[in-house]
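K.L.:
Residue numbers (numbering that gives the first Met the number 0), protein chains in the order written: chain A, 0 to 158; chain B, 0 to 158; chain C, 0 to 158; chain D, 0 to 158; chain E, 0 to 158; chain F, 0 to 158.
Take these hints with a grain of salt, some might be off.
Said to hold, decoys possible - As a list, the in silico SDA-like pairs of lysine to any residue whose alpha-carbon atoms are at most 20 Å apart: (1) B:Lys132 with C:Lys132; (2) E:Lys107 with A:Leu137; (3) F:Lys155 with F:Ser121; (4) A:Lys106 with A:Arg80; (5) D:Lys55 with D:Val18; (6) C:Lys107 with B:Leu154; (7) E:Lys26 with E:Thr2; (8) B:Lys55 with B:His150; (9) C:Lys1 with D:Thr2; (10) D:Lys106 with E:Ser143; (11) B:Lys41 with B:Ser127; (12) D:Lys107 with E:Asp19; (13) E:Lys26 with F:Ser121; (14) C:Lys132 with F:Leu72; (15) D:Lys155 with D:Asn42; (16) F:Lys26 with F:Glu62; (17) D:Lys1 with C:Gly138; (18) C:Lys56 with C:Gly138; (19) D:Lys132 with A:Asn38; (20) E:Lys26 with F:Glu79; (21) F:Lys158 with B:Asn38; (22) F:Lys3 with E:Thr2; (23) B:Lys106 with B:Tyr76; (24) F:Lys26 with E:Asp19; (25) E:Lys3 with F:Met0; (26) B:Lys107 with F:Ser121; (27) E:Lys106 with A:Lys106; (28) D:Lys132 with A:Asp75; (29) A:Lys155 with A:Ser127; (30) D:Lys26 with C:Asn109; (31) F:Lys107 with C:Lys107.
Keep in mind that the hints were calculated from the coordinates and are not lab data.
Number of protein chains: 6
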Amino acid sequence: MKTKVICPGSFDPVTLGHVDIITRASKMFDSVVVGVLNNPAKNPSFTTEERIELLKKATAGLENVEIVAFDGLLADYTRERGITAIVKGLRAVSDFEYEFQQALFNKKLNPDLETLFLTSNSDYMYLSSSGVKQIASLGGDISSFVPECVHDEILKRLK
Amino acid sequence: MKTKVICPGSFDPVTLGHVDIITRASKMFDSVVVGVLNNPAKNPSFTTEERIELLKKATAGLENVEIVAFDGLLADYTRERGITAIVKGLRAVSDFEYEFQQALFNKKLNPDLETLFLTSNSDYMYLSSSGVKQIASLGGDISSFVPECVHDEILKRLK
Amino acid sequence: MKTKVICPGSFDPVTLGHVDIITRASKMFDSVVVGVLNNPAKNPSFTTEERIELLKKATAGLENVEIVAFDGLLADYTRERGITAIVKGLRAVSDFEYEFQQALFNKKLNPDLETLFLTSNSDYMYLSSSGVKQIASLGGDISSFVPECVHDEILKRLK
Amino acid sequence: MKTKVICPGSFDPVTLGHVDIITRASKMFDSVVVGVLNNPAKNPSFTTEERIELLKKATAGLENVEIVAFDGLLADYTRERGITAIVKGLRAVSDFEYEFQQALFNKKLNPDLETLFLTSNSDYMYLSSSGVKQIASLGGDISSFVPECVHDEILKRLK
Amino acid sequence: MKTKVICPGSFDPVTLGHVDIITRASKMFDSVVVGVLNNPAKNPSFTTEERIELLKKATAGLENVEIVAFDGLLADYTRERGITAIVKGLRAVSDFEYEFQQALFNKKLNPDLETLFLTSNSDYMYLSSSGVKQIASLGGDISSFVPECVHDEILKRLK
Amino acid sequence: MKTKVICPGSFDPVTLGHVDIITRASKMFDSVVVGVLNNPAKNPSFTTEERIELLKKATAGLENVEIVAFDGLLADYTRERGITAIVKGLRAVSDFEYEFQQALFNKKLNPDLETLFLTSNSDYMYLSSSGVKQIASLGGDISSFVPECVHDEILKRLK
């Protein structure tokens with residue numbers, strides 16, 4: 000059985016929490032697609048291309064991981080790509096509620112599509128891209144929150 | 000990559016909610032171990048042997064599913080058996096809280112062990128073995144809650 | 000339209016929180032049945048008869064309220080009695096989760112049966128029969144928690 | 000006893016989840032007012048008039064249901080109209096938290112006003128107007144989410 | 000031991016819920032700093048100066064309370080000022096989730112900084128600055144929600 | 000201002016999570032009473048005396064911490080001892096719900112008594128005395144969960 004899964008998200012920018020989930024998924028599934036949501040209307044801090052570039056560097060050692068831009072309906076995209084399941088990290092109950100509704104929605108739109116949840120590593124339970132951006136904008140140190148290999152790049156962009 | 004997962008539980012008795020999770024896991028992973036907790040101290044309504052027998056019948060069509068009795072520490076058992084992940088269904092926030100703590104606990108005891116959560120099918124969100132037993136004991140109809148092939152067997156035992 | 004509803008519970012013993020919900024239901028519905036769960040197996044602190052007696056006194060002024068003992072499946076009992084809806088007070092999220100599952104369960108067993116939730120009065124959000132019993136057993140003052148007209152009776156019994 | 004209730008909301012646009020709650024309320028109460036929030040400042044996708052028109056079609060068979068535009072304070076409007084209770088559907092814990100606070104707020108502003116919660120049908124637990132709009136905007140099929148009689152009208156408007 | 004704590008917030012405008020938390024903190028700690036977030040980018044309804052002025056009036060009787068404007072990273076500000084702990088009121092589970100993540104974040108940024116939570120008084124569990132503003136804008140009575148000594152000032156500004 | 004607080008609990012047995020909360024409280028308050036609930040009816044695994052002994056060893060370095068046995072109503076005990084606040088660690092939403100109700104209950108019984116919540120250290124979010132006992136009973140390693148200085152004593156007792 001060859002199982003392909005997707006880790007969808009904005010990744011604006013990638014954090015150590017994202018890298019943790021992607022790495023753990025890559026150990027359980029044959030192929031992991033990291034789907035970067037192409038959402039210019041939401042005014043992301045990093046362009047889709049920049050976010051893909053950062054993710055590529057941050058996951059450089061993982062051979063079965065592929066980074067792609069993605070738009071449209073996730074339920075359709077997964078069908079086209081032969082993806083069996085969405086993999087998401089959960090940090091807290093509020094994450095769970097939202098993701099739970101999304102999972103039921105996606106199952107209605109594509110009954111073959113599963114959603115699998117992983118619990119966040121307890122070190123990253125408080126971590127979000129928006130938190131990282133807020134701290135950087137206030138001059139705080141973000142080195143415990145983002146991958147070392149892209150730290151300078153992220154910091155330069157956020158200042 | 001060959002991935003083996005475990006669906007642990009009491010299954011006292013098996014419900015359609017359990018069968019749904021086991022079936023969906025069997026489509027994503029090479030091998031699914033259904034681990035029936037051997038817990039005589041908790042006075043289960045069905046013996047471990049009976050619970051295994053009911054599960055075998057209820058999952059008869061699934062070739063990559065194996066039913067086993069299991070006791071001791073799940074984190075140890077999975078290591079011995081080469082199991083990569085625990086797969087659990089989540090019905091509600093209260094499930095999530097408890098399972099979240101268990102998942103962090105298990106990760107501490109066995110850092111290689113993942114826990115993957117699936118959302119329950121919305122038809123089974125209210126369903127639990129104890130609910131089934133309560134309804135049967137009050138003379139209610141349990142045919143929408145348990146697999147048809149073991150319905151009579153379960154009902155006879157619960158009366 | 001004549002609407003009859005039920006407020007089910009153990010009422011072991013009745014608290015001011017219960018009286019608040021029953022009173023509010025009696026203003027919205029033509030007829031309110033207070034269903035006292037006859038559950039000798041659970042070793043209640045008050046007998047079914049005592050609990051009914053206390054409730055009768057505590058709701059003496061409400062003309063469209065009837066106190067009854069009740070056992071068996073709520074979904075069946077409501078059908079027999081022509082009851083349209085269960086009315087429950089919610090104090091907190093954990094109440095909500097449990098009651099939500101019960102409501103879905105009851106709707107499956109009796110598709111015509113609704114469950115309506117009222118939010119507890121903020122003065123009674125922390126209040127439960129078991130809390131009252133615990134406080135009384137430790138010699139605390141329960142006069143803010145139970146109806147005045149049955150306070151002495153309850154206190155005598157709990158000592 | 001004649002009880003009049005209100006189902007308030009944006010209904011931007013009406014979904015099958017809304018119709019389910021309105022229909023169930025119409026079976027329990029003598030008169031159901033569906034109050035469409037007149038909120039031009041929030042840039043709704045449909046005008047107040049359009050939302051009323053869609054609701055009228057979607058509830059055409061329900062004789063004791065009236066659709067009205069509504070602005071100002073709900074606690075005042077209900078007083079003027081002789082409305083006893085607000086009826087809301089709850090889909091999840093996060094709904095519950097918000098609605099719980101609103102209910103306490105409304106009770107403070109109008110002590111005679113009750114809020115009654117119904118659990119969403121499990122088929123509609125994931126359903127929201129904004130979800131429907133998002134799916135339509137991405138070219139997805141919304142026919143399982145909105146009433147058939149207004150499906151084309153909604154779809155045309157959202158494209 | 001001299002313990003200095005901070006009650007941070009927008010206070011846009013101060014409510015009776017805020018005053019309750021500040022007053023209770025002032026009874027437990029030697030010195031309470033009320034930190035008004037200077038956030039012009041968020042278009043607050045009251046300027047930072049106005050919010051400070053309202054808070055000064057509302058806490059006039061509390062000798063160990065100081066009102067200050069504050070921007071930048073809370074974890075840095077507390078270090079500079081010798082503040083041991085953040086004190087926050089919790090109204091509901093959704094508050095808790097958010098505050099919990101903030102507390103873990105702040106502890107990461109400043110390991111010596113604690114966050115202490117107080118439960119809101121049950122009379123103020125539904126109360127928020129945005130709720131007060133919404134009610135005032137709809138012509139409702141806000142006298143139960145804001146301190147009497149600043150009621151007129153707040154009302155004039157919100158109309 | 001001299002502030003005395005209490006950390007109440009069963010401590011059956013003490014875990015690193017307990018020690019973390021006690022230590023942090025001892026840095027913020029002049030005096031910390033650790034109140035061991037004397038609850039023989041609940042069949043604790045360790046006697047009250049044993050639990051006190053373990054806590055004394057585990058908090059040996061903290062000068063302003065006192066370990067006491069305690070029974071009766073917490074609201075009364077705190078009044079007698081001049082205690083201003085209860086300090087509790089919160090691990091999860093379900094903790095929060097329960098503790099929130101207890102806090103409101105205690106405030107009703109003793110209006111001067113505050114309850115302060117600290118978030119658990121993220122390393123101990125999954126940790127409970129019952130979890131430790133379960134793992135020890137199944138032969139697992141508990142050395143990451145209990146203070147080193149009492150590890151052998153606890154293990155010997157639990158086997």
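K.L.:
All the hints need checking, so say for each whether the structure fits it.
P.N.:
To see whether the hints hold, each was checked on the structure:
In summary, the hint linking Lys132 of chain B to Lys132 of chain C is not supported, as the alpha carbons are separated by about 29 Å, beyond the 20 Å threshold. For the suggested pair Lys107 of chain E and Leu137 of chain A, the alpha carbons sit about 15 Å apart, so the restraint of at most 20 Å is met. With a C-alpha separation of about 28 Å, the suggested pairing of Lys155 of chain F with Ser121 of chain F is violated against the 20 Å cut-off. For the hint pairing Lys106 of chain A with Arg80 of chain A, the CA-to-CA distance comes to about 16 Å; that is within 20 Å, so the pair holds.
For the suggested pair Lys55 of chain D and Val18 of chain D, the alpha carbons sit about 11 Å apart, so the restraint of at most 20 Å is met. This hinted pair checks out: Lys107 of chain C and Leu154 of chain B have alpha carbons roughly 18 Å apart, not beyond 20 Å. Among the hinted pairs, Lys26 of chain E with Thr2 of chain E is consistent with the structure: their alpha-carbon atoms are about 12 Å apart, no more than 20 Å. A distance of roughly 14 Å separates the Cα atoms of Lys55 of chain B and His150 of chain B; the hinted pair therefore holds under the 20 Å criterion.
Restraint check for Lys1 of chain C and Thr2 of chain D: satisfied, since their Cα atoms lie roughly 10 Å apart, inside the 20 Å limit. Between the alpha carbons of Lys106 of chain D and Ser143 of chain E the distance comes to roughly 12 Å, so the proposed pair stays at or under 20 Å and holds. Only pairs whose Cα atoms come within 20 Å are accepted, and Lys41 of chain B paired with Ser127 of chain B is accepted, the gap being roughly 17 Å. Restraint check: the Cα-Cα separation between Lys107 of chain D and Asp19 of chain E comes to about 18 Å, which is no more than 20 Å; the hinted pair holds.
The straight-line distance between the Cα atoms of Lys26 of chain E and Ser121 of chain F is roughly 30 Å, outside the 20 Å bound, and the hint therefore fails. Our distance criterion of 20 Å between C-alpha atoms is met by Lys132 of chain C and Leu72 of chain F, whose separation comes to about 12 Å. Between the alpha carbons of Lys155 of chain D and Asn42 of chain D the distance comes to roughly 18 Å, so the proposed pair stays at or under 20 Å and holds. Between Lys26 of chain F and Glu62 of chain F, the direct Cα distance comes to roughly 10 Å. Compliance with the 20 Å bound is thereby established for this hinted pair.
This hinted pair does not check out: Lys1 of chain D and Gly138 of chain C have alpha carbons roughly 46 Å apart, beyond 20 Å. Distance check on the hinted pair: Lys56 of chain C and Gly138 of chain C sit about 24 Å apart at the alpha-carbon level, beyond 20 Å; violated. With a C-alpha separation of about 16 Å, the suggested pairing of Lys132 of chain D with Asn38 of chain A holds against the 20 Å cut-off. For a cut-off of 20 Å, the pair hint linking Lys26 of chain E to Glu79 of chain F stands: about 18 Å separates their Cα positions.
Of the pairs offered as hints, the one joining Lys158 of chain F and Asn38 of chain B holds, with about 18 Å between alpha carbons and a cut-off of 20 Å not exceeded. Proximity of Lys3 of chain F to Thr2 of chain E is assessed by CA-CA distance (about 13 Å); at most 20 Å being required, the pair is judged to hold. Taking the CA atoms of Lys106 of chain B and Tyr76 of chain B, the gap is near 13 Å; set against the 20 Å cutoff, the hint holds. For the suggested pair Lys26 of chain F and Asp19 of chain E, the alpha carbons sit about 25 Å apart, so the restraint of at most 20 Å is broken.
Taking the CA atoms of Lys3 of chain E and Met0 of chain F, the gap is near 11 Å; set against the 20 Å cutoff, the hint holds. For the hint linking Lys107 of chain B to Ser121 of chain F, the alpha-carbon distance of about 12 Å falls within 20 Å, and the restraint holds. Restraint check for Lys106 of chain E and Lys106 of chain A: the C-alpha separation of about 39 Å exceeds 20 Å, so the hint is violated. About 16 Å separates the Cα atoms of Lys132 of chain D and Asp75 of chain A, which keeps this hinted pair within 20 Å; it holds.
Note on Lys155 of chain A and Ser127 of chain A: the hinted pairing holds, with a Cα-Cα distance of about 19 Å set against a maximum of 20 Å. For the suggested pair Lys26 of chain D and Asn109 of chain C, the alpha carbons sit about 15 Å apart, so the restraint of at most 20 Å is met. This hinted pair does not check out: Lys107 of chain F and Lys107 of chain C have alpha carbons roughly 40 Å apart, beyond 20 Å.
When the structure is compared with the earlier hints, violations turn up for hints 1, 3, 13, 17, 18, 24, 27, 31 and for no others.
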